[in-house]
Every structure is written in C-alpha cells, then in structure tokens.
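There are 2 protein chains.
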Amino acid sequence: MFRGLVTIEEAKIIINQNFRAEPTGVEEVRLLEAFNRVLAEDAIALLDIPPFNRSTVDGYAVRSEDTFGAEENKPVKVRLIGAANVGEAPKTSVKPGTAVEIMTGAPMPEGADAVVMAEDTEQKGEEIYIYNAVAKDENVMKAGSDIKRGEVVLRTGQLLGAREIGGLAAIGLDRVKVYRTPVVAILSTGAEVTEPGKPLPPAKIYDINAYSLSAAVMECGGRPLYMGVYQDDAAEIENAIRQALEMADVVLTSGGVSVGPKDVLPKTLSILGKPGLIICGIAAKPGKPTSVASINGKPVFSLPGHPASALLMFHILICPFIERLAGLKPKENFKVKALASTKMFSARGRRTYVTVKIRKDDSSRLWAEPVPTGQSGAITTLLRADGYVEIPENQQFIEAGEEVQVNLFTRTQTPIW
Amino acid sequence: MFRGLVTIEEAKIIINQNFRAEPTGVEEVRLLEAFNRVLAEDAIALLDIPPFNRSTVDGYAVRSEDTFGAEENKPVKVRLIGAANVGEAPKTSVKPGTAVEIMTGAPMPEGADAVVMAEDTEQKGEEIYIYNAVAKDENVMKAGSDIKRGEVVLRTGQLLGAREIGGLAAIGLDRVKVYRTPVVAILSTGAEVTEPGKPLPPAKIYDINAYSLSAAVMECGGRPLYMGVYQDDAAEIENAIRQALEMADVVLTSGGVSVGPKDVLPKTLSILGKPGLIICGIAAKPGKPTSVASINGKPVFSLPGHPASALLMFHILICPFIERLAGLKPKENFKVKALASTKMFSARGRRTYVTVKIRKDDSSRLWAEPVPTGQSGAITTLLRADGYVEIPENQQFIEAGEEVQVNLFTRTQTPIW
Numbered sequence: 001m002f003r004g005l006v007t008i009e010e011a012k013i014i015i016n017q018n019f020r021a022e023p024t025g026v027e028e029v030r031l032l033e034a035f036n037r038v039l040a041e042d043a044i045a046l047l048d049i050p051p052f053n054r055s056t057v058d059g060y061a062v063r064s065e066d067t068f069g070a071e072e073n074k075p076v077k078v079r080l081i082g083a084a085n086v087g088e089a090p091k092t093s094v095k096p097g098t099a100v101e102i103m104t105g106a107p108m109p110e111g112a113d114a115v116v117m118a119e120d121t122e123q124k125g126e127e128i129y130i131y132n133a134v135a136k137d138e139n140v141m142k143a144g145s146d147i148k149r150g151e152v153v154l155r156t157g158q159l160l161g162a163r164e165i166g167g168l169a170a171i172g173l174d175r176v177k178v179y180r181t182p183v184v185a186i187l188s189t190g191a192e193v194t195e196p197g198k199p200l201p202p203a204k205i206y207d208i209n210a211y212s213l214s215a216a217v218m219e220c221g222g223r224p225l226y227m228g229v230y231q232d233d234a235a236e237i238e239n240a241i242r243q244a245l246e247m248a249d250v251v252l253t254s255g256g257v258s259v260g261p262k263d264v265l266p267k268t269l270s271i272l273g274k275p276g277l278i279i280c281g282i283a284a285k286p287g288k289p290t291s292v293a294s295i296n297g298k299p300v301f302s303l304p305g306h307p308a309s310a311l312l313m314f315h316i317l318i319c320p321f322i323e324r325l326a327g328l329k330p331k332e333n334f335k336v337k338a339l340a341s342t343k344m345f346s347a348r349g350r351r352t353y354v355t356v357k358i359r360k361d362d363s364s365r366l367w368a369e370p371v372p373t374g375q376s377g378a379i380t381t382l383l384r385a386d387g388y389v390e391i392p393e394n395q396q397f398i399e400a401g402e403e404v405q406v407n408l409f410t411r412t413q414t415p416i417w
Numbered sequence: 001m002f003r004g005l006v007t008i009e010e011a012k013i014i015i016n017q018n019f020r021a022e023p024t025g026v027e028e029v030r031l032l033e034a035f036n037r038v039l040a041e042d043a044i045a046l047l048d049i050p051p052f053n054r055s056t057v058d059g060y061a062v063r064s065e066d067t068f069g070a071e072e073n074k075p076v077k078v079r080l081i082g083a084a085n086v087g088e089a090p091k092t093s094v095k096p097g098t099a100v101e102i103m104t105g106a107p108m109p110e111g112a113d114a115v116v117m118a119e120d121t122e123q124k125g126e127e128i129y130i131y132n133a134v135a136k137d138e139n140v141m142k143a144g145s146d147i148k149r150g151e152v153v154l155r156t157g158q159l160l161g162a163r164e165i166g167g168l169a170a171i172g173l174d175r176v177k178v179y180r181t182p183v184v185a186i187l188s189t190g191a192e193v194t195e196p197g198k199p200l201p202p203a204k205i206y207d208i209n210a211y212s213l214s215a216a217v218m219e220c221g222g223r224p225l226y227m228g229v230y231q232d233d234a235a236e237i238e239n240a241i242r243q244a245l246e247m248a249d250v251v252l253t254s255g256g257v258s259v260g261p262k263d264v265l266p267k268t269l270s271i272l273g274k275p276g277l278i279i280c281g282i283a284a285k286p287g288k289p290t291s292v293a294s295i296n297g298k299p300v301f302s303l304p305g306h307p308a309s310a311l312l313m314f315h316i317l318i319c320p321f322i323e324r325l326a327g328l329k330p331k332e333n334f335k336v337k338a339l340a341s342t343k344m345f346s347a348r349g350r351r352t353y354v355t356v357k358i359r360k361d362d363s364s365r366l367w368a369e370p371v372p373t374g375q376s377g378a379i380t381t382l383l384r385a386d387g388y389v390e391i392p393e394n395q396q397f398i399e400a401g402e403e404v405q406v407n408l409f410t411r412t413q414t415p416i417w
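Residue numbers (my numbering), protein chains in the order written: chain A, 1 to 417; chain B, 1 to 417.
Just chain A, same shape as in the assembly (with noise of 0.2 Å):
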C-alpha cells in the first residue's frame, strides 16, 4: 500500500493500471432510445440507399437516345403510356418513342434511362412535346449512390445525436446495440451530515456532494446510484460500501477521509478487499485527501468533503474514467480562455487548482476571477465557479492579466457569456 502523496499524473497512471476504463458490456436498445448512447458495432447497410434509381425531377421518365437532338425550336415528340408515382412500383416499361409521367422521388420504370424536366415539355393529348435533350441519368438519382449495400454508416464508438439516429433509421434500423450505461453509487459520509428533506437536527448540516456527484455522473453518460448519507459508523459505512460494490461498476464517497479520530473510511477500504488502498492522498490543491481503492477489481473514489472540491477533483480524475466506461471519447473541448483578473498563486510542490467563475467585460473579453475554496463559503463557492485554471507544481504564480485556460464544470452545455 502507498502511504505518501501522489501527484496527479501519478495518480491518473495508478488508476489506469488498476482497472480497465473500457465500456462493461453491450445491450440493445430501440433506436428512438439511442439518443446519447454510444454505438457498440459498427452499424453496415443491408441495402442500397435510395433503393431504387430515383427521379429527382417531375416530368418525363424517357430513353435519354430518344431525347437526342431536341432543341427549343425542335422538338422531339414521345407517346405518353403511364405514370409512376412516389411509392408506388412502376407498371408501365418505357419502350423507343415512349415516355412515363414521374414525380420527384419516384422508381424509374424499366426501360427508360433518364428524366425530361417537366418545364422542358409541352402536352398535348397523349403525346409529349420534348425540347430540350437529357443525357442517359440525367435527373436520377441511382441505386446506392447516397449509401451501398455493405458499407459502414457508423463505426463503433459512435456517440449517438440527431443526425446519427436520423441516419440509422436510414437504413432500416429501430433496434440498435450500444454500450452498457456504467452504474456508480455514491454515498457521503460524515458524523455532520444529514439527507435533504430530513428535519435537521443540532450540529447537523445537508449533505451536498451525494446530490451534486449524482447529477456529475449523468453528464459524465454514468447512471447514478444514489446511496445517501452514512454517519461515521464503521459497520454501517463496511456494509454500505459493501453493498454499492455489488450494484455498481465504480463506488464513489465524499468526506470522511481526513485523519481524525472519526475517520473510519480508510479503514474500511483496507480491510473489504484486496488490494485495498491503493492512493492515499494527491499532491493537489484542493483535493489532498482524496483516495482511491480497488476492492476486487473496482474502483472505490473518496472525494475530500468539501462540496467544490469533491467536484473538482470528479472532473479531473474520475469524470474521463466514467467516460471511457461509458464508451464515450475523453471530452477535451470543455475549456474556455480566458484573463486571470487577479494574481493566482499556487501552493509549493502541489498542482494548485483554482476554481474561478467567469466574467465578460464591456469589450467581450473573458476574465477568470478567483472563488476560493476554502472552509467558508462551500455552497456560494459551489454556486459561483464556473470551472477551475490549473497551476502545474513547478509554477509559482499566475499573473493579473495572463491568459489562462478555465476547464469548465459542466459537460453538456457551454454557458453564455
């Protein structure tokens, strides 16, 4: 077991070694269900997409040769034998000197290689009065020139939004296989802490982070396994970590893992499993007392208490591995830049986090304004940081006036500035 502190890419490097961050198994769901899951196959057209040659035209399914040498003032005569209509099977065959009315979208009937532009003609009777000559496929659209049969639409691994399920349902399918939607409970605990929506009692204050780490797993593509509160009770939290490790891929915890006397949790993590503990504090700030322990193969998460800490430490080490469970790709992209408004400084040989909320100046320009983290002020702080601006540990200080880059909170949307 490690005892000392670790650095984060230590510890981003002693999780991947311990567990597999890949997706933990396949089901199959109805496509209009697919929304936001991640395909596990490679989804292959069984057909020709359109089916059929198309016409893009209304107008005159023809022999394109019986079109040759029409002209405006000149204009070649076909006799008019039927009609083809969208969704229908053409009846009629186009023989030399025939033509067949056709709408947009319609199959073309056999025989005929080309559309005359409905503009392009004139009727009179049963005859059609071409002027103007269409080269063979003029105004088809053929077989399988927008997909073929056998060809991949979407590779595996494929976040599933609008356009994705639009193109699914192209080819034909309203089941769809994807991955797993990885479970994590989540429990708090702490002598201090009571569930919203008890009546609090003396000394007691609401828990936050079970609520908050919850909602962070959803945007993460987790389900969240809400497992309440558990006072600093040493069978009570053994029996309830216990339990979360039956149902869930992954166990996350808040508080409870600073050394005081009441500090049962590190305890409980070395005795559920082997190898128990395997990081025991994390050279940052915040977030020092945050460990991690494999029990059996999973990974238990214990976030410092602190509501804005727990937070930054989820995204940092634990959203990319409930991502990749997830199937989905790391998302990189959340991060905005933006101007330190004042000084930062980072505290000596830790990698210093600075949760900052942003504001936009008269000239647009984003500005990154320190909220502290400290004792005070956990929920306002919670509240009021839009993301956080990392200082590496060889680096003393941020400037007033330096472009910093801010790792936004939230996953699913960009906040307007």
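Derived from the structure by calculation, the hints contain no laboratory data.
The reader is advised that the hints may include incorrect statements.
Put simply, identical chains are the same to the list, so a pair is met inside one copy or across any two.
To be verified - No farther apart than 25 Å at their CA atoms in a straight line, the calculated lysine-lysine pairs in the DSS-like style are these:
{"hint": "1", "residue 1": "335", "residue 2": "360"}
{"hint": "2", "residue 1": "337", "residue 2": "360"}
{"hint": "3", "residue 1": "198", "residue 2": "91"}
{"hint": "4", "residue 1": "12", "residue 2": "335"}
For clarity, every value in this text was computed on a predicted model and none was experimentally measured.
Mind docking chain B on chain A? Use the hints.
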C-alpha cells in the same frame, strides 16, 4: 390565410404572434431527477448556512479575550474542560480561563468566540498553553455566512446542473418545482416512407425524419412522442394530427408539403381547426416547403422531407420555440468561427443556408466545407454536415477564405476538431 412566401424573420414574428412561447406548466420532481430540468420557482434558503457557528480548524475553542497577550515566549494557560465533536451539539460551555477541544466543522460551544489552532498550543495534562493570541471570530465560520436564511439561492428559470443540484441539496431540498417538459408529437408523411424495423416494400424508403427529429427534440429540452409514418391518405393523416394535437403541445410533421397531387397535408391543416395554415412556404433555401399551422392555439410545424433540410429548419425555427416552452433560455452559443473552403453562393432573394462540415487543418485553422443538401445524398449530407452557414437575402456570395460563423447542429456538446 397568408399564401405567399415569408422571410425567415417574418416567419419568426408570425410564430411569436400566434403562440405563447412559455412553459406549459410546473411539476414537482425529486431533486435526484431534476438534472437538466429548469427551476420553476426561486429557491429560498429556509435556514442559515452553515446553520451554526463552526470551527474552521482543529484546535481549542476559547474566549478570545483570554488569549490576548499570548506570544511564542509568553504563553497563556487555560483549563481544558471538554471536547466539541463534528455533528454533535456541544455539551460544555466555555467560561473564563477555560477551553474546549474542537474539530474542524464542529459547532462552537457556548461562551467561546474564537478557535486557537492546535499547532499554536501545547497540552500538559488538563492545561492548554496558548502561544498565539486570537481575535474574536478567528477560525470561526459564522452561522449564515455562506447563505443567509431567506436568501434566494437560485432563481426561477435556472437550468439545473451538478452544481445547482448541490446548492439545492445544501438548503435541505429533496424535491423541487421544475417546468413541465413540453411534449412534441412527431410524424412523417409521404407515400414512399416506411418505418424502420419493418420490411421495405418495393419503391419505398425508410423514414429518417421522425427519428432524427425525435432526438433533436430531446436536445432542445422537449419530450418526443413518436407517431411514426403516415402515407398520403387524407383521413389517416387527419386522424393522426388530431390525436397528436390532443396529446402534445407541439406537432411536427415532415414530408408531404410540396405541391403535388398527393400532398394532402396542407389541405388537412386547413380543415383541422382555426385559423389553420398561417405560414405556407418560407423564402429560404433549403426549407422553402416549410409551413406552420395554428390549430385552436396549438402549433403544427410541417418541415420538408429532405432530412438535412428538415433538421436545418427545425434548428432555425422550432428548436428555440421548444426551448422556451421548456423554460430554457435559447442557447446562442453553439457556434464556431471557420473559414469558407470555397465560394458559397446564395439563392437570389432567399435566405440561404449552406450545410457545412468543419475540418481542422495542420495549422489548427477551422474550415467550413459545403455539404450539398440536394436530392442526392440525403443520408450522407445528414451525417456529414456539422452545421450551417447563413447567407442573408441581400448578399450574393461568401468568398472562399472569408471568415464565417457556423451554427452547429448538435446542442448537447461541441464536437472536437
């Protein structure tokens, strides 16, 4: 009834004049299920946060005046008379000359007004030597200093992400009032379309739009009601739209709106209720055969049959409307600047939308490459286009290399380029 084409701007005005783009109701949900919902009431703290004065350090709760004059070489001595633990109401009051051992987060005992940090003290039996004076309130987080009872924590209209859900939990809520999710009925019409999952008869193609639009409705905060495919049978379509109007807040159709012998939709929309059709065609390319009807106060939007055109018109006209029904502020931010890869021409007198794919070059510059939305390539266009570039009615073209704004189709995440 207005019969001519209207501009996009006129269409937006007509839509706003005819329909109330505001939430359709309020419902109470569990806070754990409130992720991505919109708050329908101001969330007011009914308690101070923290609810009591708490220590922000491990140390000794004292009367600050007892420590005055304490220095490194001249400690002050007080008598230890008890301990204050996290989550427990303190049993001991601090009287002159005494101290109570206290942990971070524990409530301050009566009589004490400051905490001396453990590292500034030395314990000898029952006596505590204090080597550093503390001022009143030092190392104490006062009740209500984070949030005051009666304070508005979050306002009506707030979208609930992880941080906001944490904030609501903090003030003890486990249920919350949110706006009702608007229900959008979606059906496809057309003699040639068949539902995915069914065998494909000759001359038919699989429906794309009811699927892609269902997913797009979810992206806008609506709940889709998939009603499948209706061929051009007037009675069936009338019946389906009647049903849709009963069950949904908005009805969305696609296909069947061009002027063809079998296009029964416009006729149906004129007889279903008053005032019937209010927009019949828009001066836009693509998107011209877009119509809007008002049936006894409810909107029926009829989109073109071409999947990319339908999705484009949905994004421009309907998505902002559904977002407002959902209580969301329209998201103006799903845009990215890129360079036009080729000259893009507009259709004279019509607002032109050029569907484009975004490509990143070796110098990390983004390029907008047109993906045609013609008759051909309905699916490939849908899958390849990342968004669209708008060319105003009075502009003839966009020069190759010119900077353009690309409006992205996806509204849940910005893709990585």
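25 Å Cα threshold - placement of residue 335 relative to residue 12: Within one copy, since 20 Å is at most 25 Å while 33 Å is not.
Within, between, both or neither: residue 337, residue 360 at alpha-carbon 25 Å: both (12 Å within a copy, 19 Å between copies)
Homomeric proximity label, residue 198 with residue 91: Cα distance no greater than 25 Å: between (73 Å within a copy, 24 Å between copies)
Intra- versus inter-subunit Cα pairing at 25 Å for residue 335 with residue 360: both (15 Å within a copy, 18 Å between copies)
Violated hints are absent here; each numbered hint is respected by the structure.
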